[in-house]
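Trainee: Listed below, chain by chain, are the residues.
6 protein chains.
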Amino acid sequence: MRLLLLNPNTTPAITAQVAASARACALPGTEIVEATCEFGAAVIGTRTENAIAAHAALQAALTQQQPYDALVLAVSLDTALDALREALDVPVVGLTEAALITATMVSRRAALLTLGPRMVPMYAELIAHHGLTSRVPVVEALTLTPQDFLSSPLDAREVLREYCERLAQQGAEAIVLAGAVFAGHAAPVQSTVSVPLIDGAPAAVALAEMLVRLRLPKAQSGSLAAPHLRASNGLAPQLAAWLRREKP
Amino acid sequence: MRLLLLNPNTTPAITAQVAASARACALPGTEIVEATCEFGAAVIGTRTENAIAAHAALQAALTQQQPYDALVLAVSLDTALDALREALDVPVVGLTEAALITATMVSRRAALLTLGPRMVPMYAELIAHHGLTSRVPVVEALTLTPQDFLSSPLDAREVLREYCERLAQQGAEAIVLAGAVFAGHAAPVQSTVSVPLIDGAPAAVALAEMLVRLRLPKAQSGSLAAPHLRASNGLAPQLAAWLRREKP
Amino acid sequence: MRLLLLNPNTTPAITAQVAASARACALPGTEIVEATCEFGAAVIGTRTENAIAAHAALQAALTQQQPYDALVLAVSLDTALDALREALDVPVVGLTEAALITATMVSRRAALLTLGPRMVPMYAELIAHHGLTSRVPVVEALTLTPQDFLSSPLDAREVLREYCERLAQQGAEAIVLAGAVFAGHAAPVQSTVSVPLIDGAPAAVALAEMLVRLRLPKAQSGSLAAPHLRASNGLAPQLAAWLRREKP
Amino acid sequence: MRLLLLNPNTTPAITAQVAASARACALPGTEIVEATCEFGAAVIGTRTENAIAAHAALQAALTQQQPYDALVLAVSLDTALDALREALDVPVVGLTEAALITATMVSRRAALLTLGPRMVPMYAELIAHHGLTSRVPVVEALTLTPQDFLSSPLDAREVLREYCERLAQQGAEAIVLAGAVFAGHAAPVQSTVSVPLIDGAPAAVALAEMLVRLRLPKAQSGSLAAPHLRASNGLAPQLAAWLRREKP
Amino acid sequence: MRLLLLNPNTTPAITAQVAASARACALPGTEIVEATCEFGAAVIGTRTENAIAAHAALQAALTQQQPYDALVLAVSLDTALDALREALDVPVVGLTEAALITATMVSRRAALLTLGPRMVPMYAELIAHHGLTSRVPVVEALTLTPQDFLSSPLDAREVLREYCERLAQQGAEAIVLAGAVFAGHAAPVQSTVSVPLIDGAPAAVALAEMLVRLRLPKAQSGSLAAPHLRASNGLAPQLAAWLRREKP
Amino acid sequence: MRLLLLNPNTTPAITAQVAASARACALPGTEIVEATCEFGAAVIGTRTENAIAAHAALQAALTQQQPYDALVLAVSLDTALDALREALDVPVVGLTEAALITATMVSRRAALLTLGPRMVPMYAELIAHHGLTSRVPVVEALTLTPQDFLSSPLDAREVLREYCERLAQQGAEAIVLAGAVFAGHAAPVQSTVSVPLIDGAPAAVALAEMLVRLRLPKAQSGSLAAPHLRASNGLAPQLAAWLRREKP
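Residue numbers (the numbering used here), protein chains in the order written: chain A, 1 to 248; chain B, 1 to 248; chain C, 1 to 248; chain D, 1 to 248; chain E, 1 to 248; chain F, 1 to 248.
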């Protein structure tokens, strides 16, 4: 099985970092192929960048040279998830979607923790879009910056640990860590936190593998049926060609 | 006052059509400036095209030569609405947003009518994103195609009339018509339907004018504060420059 | 255009105060006509008074000597809003309704701030009635009294400022100020608060003007269609006559 | 125990009819005292009339000559329910509130049936205000008029029976009959309908008796605490005096 | 009238305690019959124990020697409530259900207070199951243990009082006390708390008496219709016989 | 990896049937161990039977002779799911939970189809309990009986096919088939239905495998932490011993 790990931002190092986490959990026969978008933000951190990244992700996904069996979105905002599900014939899974699903299977009421206050409503909207607000009603942001994790990892980790344990004491039965910045920090923190900390990457790989194994057919009706015969202007030729193709 | 009427698709004729409707309602001192995106679908009708259009709309909005006092999105899917509100210092209003708001002021329970079954969940999600599902709980699609409105306008209009009146008899107290295809057909149908039919274009212009008059400051915190100092790759130079500017 | 600014309480000074705010924002051709109810509370501050005021507002609205093109309710509880929409052939807009709508166009998640803890559930119910709880999920009350604003305006203003900024830091992207007591205080506070503070009066005027311009027909079916041929006892003669009129 | 059965409309015959139903179920020691409002609609059937009736009900409740232990609102729209709970020191129960509560104890998913399409959104809003939309998600209106029940009671009853059974077949596990018009028809129809039909009057009496027996104290804080020291103009002297009384 | 007070746990002393509270409020002609389950937890405090108790409660209810007119569940988790309503031909009422219903009739926004953090999500789910989350949105747990109430009742009571008053100051207009541990403590605390404290036992008895008096028929369709002709293995003979009986 | 496939009813043939479906999808190293409960309904079809089955499932799960790495509940009602998650140290997955999760990854709005009208509210409540009502808002029941599928499988299959296609035309983008009766019929029907039909068994196995691979720690706080030191009476000795064990 060939999984395309597609990073909607333009920083291959982040792709590689998520890929490492993904490979650590993938099944023996699963090949993780990395792809990084060609245009857009270095790191998606705003609504504007996320909107641009959707275009980049679609273009990258629809113009891959090699076929793939499923796509995992290597970004916590589940960028372009529904559009990719509409466009592609193969399963697509988002990191935060996967983490939220996992949280619902090990808790009744979970929290999502991210970095930076402006991300809080964006993740709350994403959870609502997934329909899971009643299961993951709490979204909070650490007051740290990504730089804090780079420059003082042990201090940052301690702040993360205290924050997670406080969330647990306030009733969170699992905690989704949303953001590439947490990679590598969840494991050492987990041992002293009383509830599971959930990283989306391994869950997303497992869910993608599951969907490939289930061999569900692509919907032929509804809002996720593939477009065809669509006219466009000014797009990358391969993307435009894909839009105007005959009914598959 | 200068309103940018920005069409996220790439068909200037549709821009012009919405602009005509907008100008018919604009205040005397309001200038409506048309803009059509440079890349993307001819007519947005799928999730894929809508995602691509968000990039195009942002690029167009952020790279206009002339300043403008507010932006009206000339598309029924309110494409990139939140991202534009984040990016721009001026008010932004979406067509369907404006129509939904209007519906809430003349009804307790409204319906939205569109064309094509695949649009139904997309509009239902948009209404939910606006938080108005309890006010506009019904979303339905005419079984006609845009071609039907072109080739047999009187027949299509009669189908539209019957559908609207049935929705009214089933409890819709106002009906939002979502889609450029309805332009020009609402007025003749209205006279024989017992509840208001709502077109988003004039409402959006009036709301944009209202927001300009209210002179509310741009938020400096939260998820709609403007990005700055953001690194990117492969974007149009003006867009990239805007992302990496100093804090405004 | 002639807007009836109807105050459901019985204190003309409050009517005049809201009217001043309304006139400052009205379009050149808009005449603001003040009306104050003939019976009821001096200042509506309880459920009982609000219920009585609904009768007073209906009687005042239906027995005006001069015609008017729209009605703006000069009270933050949107008293009798739906009943007025049912009764009148012209548009009706409430102050808090208008402020909430405005908040949804400049934020994703807003707060409403009022005075006095007993108002908190009343406003929360009003927001729910408007269907906007997911957009304005936070309702809080300053611990000040109206007297504090009169006797120590600068101190009160500082408390207001601190409260608003705290709400912003907790994620409110806009703040609706609900209550006549805030009039005149929002502007000086705004300059040092990082998110927009929203006063309902100018927004309500602009929305009323918009609805007049849109010329939507009055619903002939549903719960907002006008009553007719209704028998009553003991009401003001003009009100009783209006209820028993033939179908308009 | 003395229960005030207060009819917010002005037709004593309806009060008497509800009182008969209430007395048939009341406990031996319960005296049902009838009161009919002095002003307002003969029969409340619109939002306007319901708003006026709230004032009438408050005036009647607060100016009774004789004390009473609880108040039952003899109207299906639960007119002024919250305001009465705020104003009075004794328990208050609404007919539809009581019927809805009863429905939740004998079903998981109930329906409410009324007469006249304009009542449908009004009852749906009332159910939402009571917080019970998920338990009573269906509200429908018979296409009959009150006259049909008077002129052809057997025919109307058969229509009612068919409608109820259809609702049951569609999943309603109990049916609330909302409207005085149904009085006397539920019992004969019940025997051939497969789910319970619920009349609010006996339930409201029993709930009022329960609340009297529970002797819960009146809230001293929150939005249902009694008003005091409130200034007013133009009200009935007893009502005005009650509003301006010292803290009880 | 004969009410079966069925305790789903296996501690007769708790049954007796709830029965005392129930009898203090029951109508003169109401006989309260105590029943304690034969197997299960001494005190239900976990999901596992609650699930086991449902079986025990059904077996006890369906194998009583003497008939009864209604069943009151003497446990705060409303254990097996829907299953008992399905199985039995007589009304069934739960303690917390009754307390929640009572709270909705004396407040607009109530809180539920329990003991032990693990109970918080369990009660929140129960409130959601009853459809009352919007009316009782707050669920909190005292940090005391049942032992604290036994060993230092006055100290525990003071903690309870402070907690209740804080909830009231934060907007709770009534407080449901959920847990047998609070029995006997509510009354002394009530006098110094500004909102009603609600104990489920008397309310449940009154609601059961009400349902008996209303004589609603058992549903013959839907998910609460009685099972019949059901095959089973390994159950208590009387329970198995009841399941396989002919249609009643 | 050893998965315990636990059937909460008492019919080993059904266990074997689900196990066959589970094995067809399991990973090479996964051993599926079948377990059937010792007491309870032959086939769970009512609330009463489902409540009894929870006890049986807990007893079976906690008294297995051999250890297992995860538990899959071989029943569509996800019987005792939360209690098992509390009790066990290993992951637990329910069939319908797994099917619903799968549906959310291949559709935006799905439907659940079952057999028998009394199951409709039970599944709707289950979906609400999982928090997924907005994603799977439609629950309907075929008017067939299990016998129809046995006696006339081709006819029943055609009814199923027509029903599924109608749901798709009404907007269902995926369809969860809930009930063992559908086993073996989904595949032949799928080829002529335009949206994916989802069987819970393979999805549940894959999700259980995923959770085992993720090695998330058991929560030590919250409502899913394992009980300990719990006193009981009358339970199976092993179950009682487990409840009263020291803190693990």
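Possibly wrong hints are sitting among the right ones.
Incomplete in silico selection of chain D near chain E, CB under 7 Å [stated by the list, open to error]:
#1 VAL106
#2 ARG108
#3 GLY131
#4 LEU132
#5 ARG135
#6 VAL138
#7 ALA168
#8 GLU173
#9 SER194
#10 VAL195
#11 VAL212
#12 ARG213
#13 PRO217
#14 SER221
#15 GLY222
#16 SER223
Examples of chain E residues toward chain C, derived with CB under 10 Å [unchecked claim]:
#17 ARG108
#18 SER134
#19 GLN169
For the record, the hints were derived by calculation from the structure and aren't laboratory data. Backbone N, C-alpha and C define an ideal beta-carbon position, used for all residues, glycine too.
Trainee: For every hint, state whether the structure bears it out.
Mentor: Here's how the hints hold up against the structure:
1. VAL106: holds, 6 Å
2. ARG108: For ARG108/D, the interface hint holds, since the closest Cβ of chain E sits about 6 Å away, which is under 7 Å.
3. GLY131: It holds, given that the least Cβ distance between GLY131/D and chain E is near 4 Å, below 7 Å.
4. LEU132: holds, 6 Å
5. ARG135: With a closest approach of 4 Å, the ARG135/D hint holds.
6. VAL138: Not OK, violated: VAL138/D not within 7 Å of chain E, min 13 Å.
7. ALA168: holds, 5 Å
8. GLU173: Holds - the Cβ of GLU173/D comes within 7 Å of chain E, reaching about 4 Å at its closest.
9. SER194: holds, 4 Å
10. VAL195: Because about 5 Å separates VAL195/D from the closest Cβ in chain E, which is inside the 7 Å limit, the hint holds.
11. VAL212: violated, 10 Å
12. ARG213: holds, 6 Å
13. PRO217: holds, 6 Å
14. SER221: holds, 4 Å
15. GLY222: holds, 4 Å
16. SER223: SER223/D check passes; min Cβ-Cβ to chain E is 6 Å, inside 7 Å.
17. ARG108: Interface hint status for ARG108/E: holds (5 Å vs cutoff 10 Å).
18. SER134: holds, 8 Å
19. GLN169: holds, 8 Å
Checked against the numbered hints given earlier, the structure breaks hints 6 and 11 and satisfies all the rest.
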